[in-house]
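One letter stands for each residue in the lines below.
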Amino acid sequence: MTGQSGSQRRSTRARLTLSQREAVYAYLFLLVPLVFFATIRFWPAIQSFRLSLFTWHVDPARRVFIGAQYYQEMLTNPVFHRALTNTLLYALITVPASIALGLLIAILLQAITTGRGWYRAIYFAPYITPAVAIAWVWGWMYNVNFGIFNRLILSWWDFVEGIGAPWLAIDPQRFLRDPELALPAVAVVIIWQQLGFQVVIFLAGLQGIPRVYYEAARIDGANPWQLFRHVTIPLLNPVLVFAVVITTINALQLFDQIVNINFTDQGGPLNRTLSIALYMYQEAFGRARLGYAAAVTVVLFVLILAITLIQLRLTQRRVEY
Amino acid sequence: MKRLLTLVLAIGLLYSFSTSLAQTRITYWQYDFNTRIEAMEQLIEQFNAANPDVVVVQETFPYDAYEQRVAAATAAGQGPDVVQLFYGWVAAWQRAGYIEPLPQEHIDHAWIEDYFIPMVESVKIDGEYYGLPTAVRALALFYNKDMFREVGLDPEAPPQTWSEFVEAGQALTIQRGPLFQRIGYGPGGQDHHLIRTVLMNQLGTPPYSADNREVLYDNEIGVEALRTWTDWQLSDEFAVFEFIPGAGGYRDGFINQENIGMIVDGSFAIGQVRANAQFDWGVAELPTFENGVQSNFGSFWMNAVTPRAYENPERLEAAARFVEFVTSEEAMELWLEVVGELPAARRLVNDPALLADPVNGPFIAGLAYAEATQFVDEAAQRQVMIDAFNRVLLEGMDPAESIMIAAAADQALLDAFAND
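Order-wise, the sequence lines are chains A and B. When we follow our numbering, the leftmost residue of the first sequence carries the number 14, and every step to the right adds one. When we follow our numbering, the leftmost residue of the second sequence carries the number -19, and every step to the right adds one.
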């Protein structure tokens, strides 16, 4: 018996070509992360959909099936609507702004040779700084009575009064305490933090564009804008798509920065900085409503999936060299 | 090689068998807070020495991750046997199944009601106690005596009424142009309790009906409580919410920056003030309105047993014995010394020496008339009150309108709980 199957195995192995055998090994190695993802990611995702149909209790036998009741609650819950609106606003502000600024800085950095590494490191530093530290520092800068921004506003006030143009003066702002300004103020922090990531990605992308295209275009008489519009942008497209998708997903999942920047009233004032992820967390662990929170995660998942698919459709055109 | 492995396995098995026969191992959870961990370590050491058949192990977690850990661990059948939680969370935790009633066969209700101060009854649900505290806290006014002297106020005569409080606050305030350099009063983490429990009770109505089914502040009293508090910032201009950023910003401003003259804080802040304040400070009972009615907000962290302790009778008995131990008078005295929180036993609270203490005294005095407001959904009910004052402070809404919105939202939470 043993001998027979052994010889069979040998003959199968002999029939596989080298590349086939390599593929088998590749799949074998891929199996490990696959099992990991299946148990750590996919299985809980399916579980959270199941949870969203029940009231929460630690003992599964005491969870009550309530169908789509939590989804109906979301339709009428004003706090959920506020969190959803805020999240979309975060995405609409931070994605275009951080990509435009990141690209601009990357192009400028590419133009210089001395100290490029240093600049890159400086721009990247916020990205690897813990959100708690960032929130703390920005919290002070935005502080109404002691923050640098209101100090600057008051200096400006003195200046315009000095030159006899007091109508140019601006009042000190409440920033994070102002229901209208709080979200943009937090968005600025997020843009600042993510900028370094964009710069590094775009720099890599720019360096991957062969110089010959620029030279050829210049010989044809293209001006800098035309070079940018017709050479850089199309050739940078894969990098742009990647950057847009990643930043959008980040914006839709915002949590750390918001939690830390307003500790006494997380997501406040008046829920104006509340994101979906924070809302979900508060419902789950502040109010022990894990069923409802699970329903919110399902909605967030569908939202991210839909937006990502649309973005890929719109931005992933074939690049012709 | 094989023989060695067998030997190791055999010894291991034997060891675990013998220890499991002899000892019940239970786990205690609380959140990270240096002095609390230290006090509990000492208590556990004493308990383990006196109870050789039980081993208690303490595990702690950062405050922000605490509820998350409890939810995940209990759902997985893991986690603590005895867990510490804020009394306000009891309704939500009980409903989610994170905690079970204290076993009456081990912990007698008549004993509880005789031994503890009445505040403990706020965690009795459907005739069952869900936990017992080692320590309780009340609110008091901390004030900077040096700052009082500087502006010509008598440092030994802190404000006794809210109007004196406003006068003192305005005297302490320094404004530069449109911005504040220093404020008389720093509202902070405890102020939603100040409005809901203290001001409303002082004006004559508790915030909720005795059966906790009805909001009682949808009237002039609610309006007056909210207006009094928001006026300190809007018209009296000596208070600024979030003057200093951060979770304990108000306390930081009082202790370290020395740009806040007075704060209302819990007895749990005593340790921090004592350790860090570089100036002469004092503690006073909370001011009252002209009617002289006193009120205070009492609260506590409590020790509860989990479904895990109910897994078998030995664990449950051990858990109950441990709860009794950490709520004994000896434990309370140790807790007062190490953490600074007030004891929860009637006899200790009535100790004249404690009442005469210049720092603990005002808290102990406050405890005598303190209410531990019952919450059905503490996180959401806290938000209701924070939103109520923010609508007035930030959107210019009239307190009368804002408190009605709050009362309706609060009533909806009570209804949702009752109908569940």
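The set of hints was computed from the structure by calculation and includes no laboratory data. One or more hints might be untrue.
Coverage of chain B stretches by chain A, computed from C-beta distances (three or more under 8 Å per stretch; other residues unrestricted) [claimed, not checked]:
{"#": "1", "region": "75 to 82"}
{"#": "2", "region": "101 to 112"}
{"#": "3", "region": "149 to 161"}
{"#": "4", "region": "218 to 231"}
{"#": "5", "region": "309 to 321"}
{"#": "6", "region": "387 to 394"}
Taking CB as the label site, the calculated pair distances span [said to hold, decoys possible]:
{"#": "7", "chain 1": "B", "residue 1": "Glu294", "chain 2": "A", "residue 2": "Ala319", "range": "35 to 43 Å"}
{"#": "8", "chain 1": "B", "residue 1": "Ala52", "chain 2": "A", "residue 2": "Leu327", "range": "52 to 60 Å"}
{"#": "9", "chain 1": "B", "residue 1": "Asp12", "chain 2": "A", "residue 2": "Gly177", "range": "54 to 62 Å"}
{"#": "10", "chain 1": "B", "residue 1": "Thr141", "chain 2": "A", "residue 2": "Pro179", "range": "51 to 59 Å"}
{"#": "11", "chain 1": "B", "residue 1": "Gln155", "chain 2": "A", "residue 2": "Thr142", "range": "44 to 52 Å"}
{"#": "12", "chain 1": "B", "residue 1": "Phe41", "chain 2": "A", "residue 2": "Ala319", "range": "17 to 25 Å"}
Every value quoted in this text rests on a predicted model; they were computed, and no experiment measured them. No residue lacks a Cβ here, since even glycine has one placed at the ideal position from N, Cα and C.
Status of each hint after checking the structure:
no.	hint	result
1	75 to 82	holds (count 4)
2	101 to 112	violated (count 0)
3	149 to 161	holds (count 5)
4	218 to 231	holds (count 9)
5	309 to 321	violated (count 0)
6	387 to 394	violated (count 0)
7	B:Glu294 with A:Ala319: 35 to 43 Å	53 Å, violated
8	B:Ala52 with A:Leu327: 52 to 60 Å	39 Å, violated
9	B:Asp12 with A:Gly177: 54 to 62 Å	58 Å, holds
10	B:Thr141 with A:Pro179: 51 to 59 Å	43 Å, violated
11	B:Gln155 with A:Thr142: 44 to 52 Å	35 Å, violated
12	B:Phe41 with A:Ala319: 17 to 25 Å	36 Å, violated
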